[in-house]
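> If you want the building blocks of each chain, they are given just below.
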Amino acid sequence: MAYTSIIDWITGVYSQHGWADPIQANPYYPFGDAYNLPYDLGMKLWNIIGGAIAWLLDLLFPGNDVSTWLVCDMTNNIFALVLFMVLVFAVVFVACLISLWEERKVLGRGMDRRGTMIGMWGFLQCVADGLKTFMKDNVFSKKVDGMTYWWTVALIIGTSVLIDCMVPLSPRWFVVNYDAGLLIIMGLYALAPFFILVSGWSQNNKYSLIGGIRAAEMMISYEVPLLIIIATAALLAGSLNIGDIVMAQTKHFWYVIPMFVGFVTFMICATAESERAPFDLAEAESELVEGWQTEYGGMKWGLVMLADYLRGACSCGIIVLLFFGGWNLPFMEWTYFLGDGIASFHQNFMWWFPAPELTFLLKAWLIFFVMIAIRLGTGRVRTDSILNLGWKVFMPLSILNLVIVLIFKLFIGGVF
Amino acid sequence: MTDEKKTQIPDAQAIAEGAEVTKEMVQEYTSQNMDMDKMWITMGPQHPFSHGLWTLKIQADGEIVTDADPIVGYLHRGWEKEAENRTYPKIIPMADRLCYASSMMYTHLYCMTCEKALGIEIPEKTKYIRVMADEINRLQSHLMWLAAVGTDLGNFTAFLWASREREFWMDMNVRLCGARMTTNYPRIGGVRNDVFDIDLDMNDEEKSRFMRDIVRCCDHFDKALWDIIALIDNNSTFISRMVGTGIITREQCANLGITGPAMRGTGVDFDVRRDDPYDGYDLVDFDVPVLSAGDSYARYMIRVEEMFQATRIIRQCVDKIRSLGRSAPYRLKVPSRIPAGKTYCRIEDCRGEAAMYLVSDGTDRPYRLKVRSAIFVNVSSSRDLLMGCRIADVPVIMAMIDMCLGETDR
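Chains as they are written, first to last, in our numbering: chain C, 1 to 416; chain W, 1 to 410.
Simulated from the structure, these hints should not be mistaken for lab results.
It should be emphasised that the depicted structure is a prediction, and the values quoted were computed from it without experimental measurement.
Heads up, the beta-carbon is just placed ideally off N, CA and C, and yes, glycines get one too.
Everything hinted at is true.
FRET-style restraints, in silico, Cβ to Cβ:
no., chain 1, residue 1, chain 2, residue 2, range
1, W, S292, C, M135, 54 to 60 Å
2, C, M85, W, V174, 55 to 61 Å
3, C, G32, W, D227, 54 to 60 Å
Heads up, simulated EDC-like pairs for lysine to aspartate or glutamate below, C-alpha to C-alpha not over 20 Å straight-line:
no., chain 1, residue 1, chain 2, residue 2
4, C, K206, W, D69
5, C, K206, W, E63
6, C, K206, W, D61
According to the in silico footprint, chain W covers these stretches of chain C (three or more CB under 8 Å from chain W):
no., segment
7, 111-121
8, 286-293
9, 371-381
Chain C on its own, in the form it takes in the complex:
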């Protein structure tokens, strides 16, 4: 799929003018045949920074080895990888901040108040809050179990950041292009309940303990339907590779059409998985103060909240990838039914739309809007009802979804 957009045009200039392709000519390039935009940008950035440093060094100490080393292929690749990581994380972080802002603003409007107010449209409120939590004292109880108290929170935040970085934004913006990409993400998701359980236990606080147990039991029960639905999507696409699933949707139709039951179930289970309302009983403030996060104050609390939003945003990303055609513009998939007209429509009229990455993020924010609306209008569900729902409603629904997809594949299988 060729993207006709501004960034494509700019990056394409290299090959058009016969310049050396820095990626394909690079013997240490880590992504094989696939083009990786953040890596490329990192490489270009390092070419500028490292080149400037090397030039300066060469000016001061003519003929030294360090300036030669700074611009050799191996060094270029190492620093390009570092900058690649910074870029990927920065984009994920900003996307998460935007969803945070979206939530607070939409919640505010829904509740008949203004929401965040600092900066343009209240966007800088996140920054102000970050600074505030950063400057808070590091207060913790003397009786916490030090080792587990510190490490579990670091691991919860770490895995959440890792999950988000593992979600590809487009065919050219990814960390690994692995055949079991979805499984890696679900595996990372499944780690959190253990950390939360141990963290709740380590705080020497009854509220934390109950909150930790509740969170763990809820997340474990809701992972089962999630995995079944992911398996169903993989069955439709014939692959667990995220890129392949999106490509299959581009060829035929968005998977929300055959898997509508699955989409609704997935949406609810993902809400529970990222501990959002109405399944936020781990931090049910009316009875358990702040649940398993009770003893985490200051920046620790800020990071845990950020991790929650990272997981929420990531859930929306996975929903977009599985059900709404990922990074492709809408109606792209109609090519199959309507011929090339639609494709040429996109090429002729949608070229101004800058990047598939932005398409993906916009879709994810739209899905997040639905999650916010759910939070606006629902109360907190009780623990036993949540477990009942998970095992007795969503589990059968996910299996029903599998059956529907199987029938689809058997009888209307022509398009597959």
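Since the structure of chain C is provided, determine the placement of chain W on it from the hints.
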């Protein structure tokens, strides 16, 4: 394990005589005597669910509550004793501080008790003004309760919507008496000011814009309350938390002394306003909602219906006050000394039956002034309400009691 085999720890006297207590003995004693299945959880006095300073200790077996123990008294300030050292008019602003949410009612109750002791009949217009002020106060209090229910059920939208509607009635309060919460409006023998003196229409002395705005507020509120009802009643996440939790029976109600919406939720058809009418309540027409389920949802429904009835009463009062006109008296001159005697007076507070018992000795100060607070009695029933429910239900059940610590601790 029999008692003989249990480890005994030497008592204080034995320790003083030289008996040794080792760590192992204490550990053994603890393991033998502790019920390890059950855990006491202390909620309060600083806890998000307790609206005010009080503690609820619950014993939990897993998620099931097996015992509960409410502890009040953090806000005790010797109200009744303080009242004995003040002249009768000076107790009026103190009565405001009994309950921040229903200050008008307690001041009304106090003034009514004094009038009964004096044996005077207040003017008719004052009766309607007091009833109107009471119902405005009831709306404020119930809306604050509705807001608190929203947060206790985990939804902030209901909180803010209810608070928004409450602001209209707060504004009416400000125009009526100059204050939002502690109103200081009723007086012994009348009220502080006539409603016709507020926001006079420049063209017509008989017309008060305040009265017009009260009716507008009623019109707006009757519609706006449906928004909040639609948010809560059409939503199974709210309903499932309320239906079938915190059930009490008629008999338990009678034994525990529960009054107010909680009592009417169990099928007891009794309301002081209707069955023992005071001031203008026998002159206005209203319904008393009664449900027989006895659960949290019944209490919720009754309070919501009481809000609709409150606007109905306010409208009637406004009509009656308008027909009586500006020239009707609104306050009597009363003597500063109350003759010796004992007086008991009760009203239907937002939370139940509030009463005052005045023992006067012929001076200008009360000999004794006893306050019966509805919440103090209702919260004592929390053990019966909470037994067998889940920890997650505790805030919801307690929210339906509508805690107010000012009158509980006095």
